[in-house]
Amino acid sequence: MSPVVLNLIETILNGLMAGVMYSLVALGFVLIFKASGIFNFAQGVMALFAALTLVGLQTGQVPFAHLINAVLGTNLHSFGWTLPAFAAVIGTLLVMVLFAYLFEALVLKHLVNQEPIILFMATIGLAYFLEGFGDLMWGSDVKTMDVGIPSGGSFWWEDVTLGWVAEGSDYYGMYIDRLDVVAAVVAVVLVIVLTIFSQYTRMGRALRAVADDHQAALSVGISLRTIWVVVWSIAGFVALVAGIMWGSKSGVQFSLSLIALKALPVLILGGFTSIPGAIVGGLIIGVGEKLAEIYVGPMVGGAVENWFAYVVALAFLLFRPQGLFGERIIERV
Amino acid sequence: MNAPVDSKSLRAAEQFQLSAHQDDIAKGDVLLKVENVSLSFGGVKAISDISFDVRKGEIRAIIGPNGAGKTSMLNVINGFYHPQIGTITYRGQPRHAMRSTEAARQGISRTFQNIALFKGMSTLDNIMTGRITLQKRNVFWQALWHGPAMREDIEHRRAVEHIIDFLEIQAIRHTPVGRLPYGLQKRVELGRALAAEPALLLLDEPMAGMNLEEKEDMSRFILDVNDQFGTTIALIEHDMGVVMDISDRVVVLDYGRKIGDGTPDEVSKNQDVIDAYLGVPHDE
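Quick note, the sequences are listed as chains U and C, same order.
Heads up, the final residue of the first sequence is numbered 333 in this note's numbering, and it's a clean run with no missing numbers.
Heads up, the final residue of the second sequence is numbered 284 in this note's numbering, and it's a clean run with no missing numbers.
Hints were generated in silico from the structure; no laboratory data involved.
Heads up, the beta-carbon is just placed ideally off N, CA and C, and yes, glycines get one too.
A hint or two may mislead.
[What the hints assert, rightly or not] BS3-like cross-link-like pairs, simulated, lysine-lysine; straight-line CA separation at most 30 angstroms:
no. : chain 1 : residue 1 : chain 2 : residue 2
1   : C       : Lys119    : U       : Lys109
2   : C       : Lys136    : U       : Lys109
3   : C       : Lys27     : C       : Lys215
4   : U       : Lys109    : C       : Lys45
[As the list claims (entries may be wrong)] Label pairs and their in silico Cβ distance ranges:
no. : chain 1 : residue 1 : chain 2 : residue 2 : range
5   : C       : Lys136    : U       : Ile196    : 18 to 24 angstroms
6   : C       : Pro65     : U       : Leu258    : 58 to 64 angstroms
7   : C       : Gly183    : U       : Tyr101    : 50 to 56 angstroms
For reference, chain U alone in the conformation it holds in the complex (with noise of 0.2 angstroms):
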């Protein structure tokens, strides 16, 4: 095989693993957008913020340290622990949940009836809210997370590619990060298992339900904030399951919150209500815009990857904007 075939290859299979890395994003927001008609716009901070909590807990940071300290003049940092990976990841989860149940008891239940507009202004406080929660409990500063993943390029399917090319010429080997390929398979795993549990067990249904029609949904005896506690518990963990996968590959810092931005184009491409649709959109995109670049960016000067998914977005915003598998809107005049 040609190295130049190979290298088209590789960059699809980068672009695939980069869209999957985007499609967990996006997956959070189909979740809660489906269930209750919110835009959560603190959707990266809350993966922001479970990656943050994780990385606490499994490092036996104090919470509050800085304040703490601040306030009793104490000089408390670490609880000397170090939690495995897994208990880190239980114990993130319930935080996520009693995350979920605050919020709900705190903000949602005042805003019942309210228009979506009023609500997702509401979710753009909770993303302020949690950015500066997050800071507060566990300091700005970047960490690294490791949770046991594996990372790096794959130096097997190095070698196996490299046998794929004559003998003599310059290649040297396809790159795969092995910590892409989890979270190709975690995503797949995550679809299935959240496809399963809404279509066939009776909260899923009842989840449906009250996307489609609340009063309807109070009738036949479904208590809509007890669904709203499920949707953001299930929400505040995809955000974690993201949290972990973009932790481990660039680091817990702040900036981790845009990946929601990334996340943009993937959710107009796809539909905001399929999660199907939040899978192949990210896959697109991933794809779309590492083609883009390796084959478009040295003749317009680079940097196409930072662009190409809004140009996309707007594309798809002008001729189907209902995305590829949204519902499509149809208004009776």
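Starting from the structure of chain U, add chain C where the hints point.
Then chain C, alone, in the frame of chain U:
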């Protein structure tokens, strides 16, 4: 859950009963009593000082001209509206107001004037949501999917098949209800309400917008539900012919007040009722 349901159990449909909400109230005794209920929105009085009762096993109609407060009354009974004054006694338990989820759990289910189905879901899933209060396995078991929660789901699926059979909507089992014609949607909505095996079934204009044939079908279903399952029914209806035919007792509202109460015969001879329907000015 799309698990297969064996045909033998379907043939035993005659023994199928809607009995999840059993109580020891004898047939003919008061199941629901509304006393001196008043409801207003800001300065607008929707209902003023209304009292009536619904007896177990009967079909009770609530009639009246547009804006008489019929739907408001239904909303008070199932907990969507909380009246400012008055008590509601359901199964001998007096309360000031119902909570809607609480009402559903206690066996009050309803349909809506402008169909409120889950449009994106199939007929089967819509009717399954009616059984949500009867399914007990918690989120943990459901998250596992396999095992107890799944077995429970299959059991409930069986009951839903009986209801689908009863309402003769087998053919549209898997159709998203948003695509169904109006008359069938009304029937699916009745199915969802029945799936909860209600002790008290509230129907808000079950025949509105239907043609004659559909009305006849719906009347037959309502009578059959009452007959076969002994379900108590309170319904709002505009079609006088239908009301007089199927209901045991009728309460008449006008401008939020009660102007008549009794058997269809009594009510149709009541001068106030005749006036209200013929539009006699109130100060005469």
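Verification of the hints:
no.	hint	verdict
1	Lys119(C) / Lys109(U)	holds, 25 angstroms
2	Lys136(C) / Lys109(U)	holds, 25 angstroms
3	Lys27(C) / Lys215(C)	holds, 27 angstroms
4	Lys109(U) / Lys45(C)	holds, 28 angstroms
5	Lys136(C) / Ile196(U): 18 to 24 angstroms	holds, 20 angstroms
6	Pro65(C) / Leu258(U): 58 to 64 angstroms	holds, 60 angstroms
7	Gly183(C) / Tyr101(U): 50 to 56 angstroms	violated, 43 angstroms
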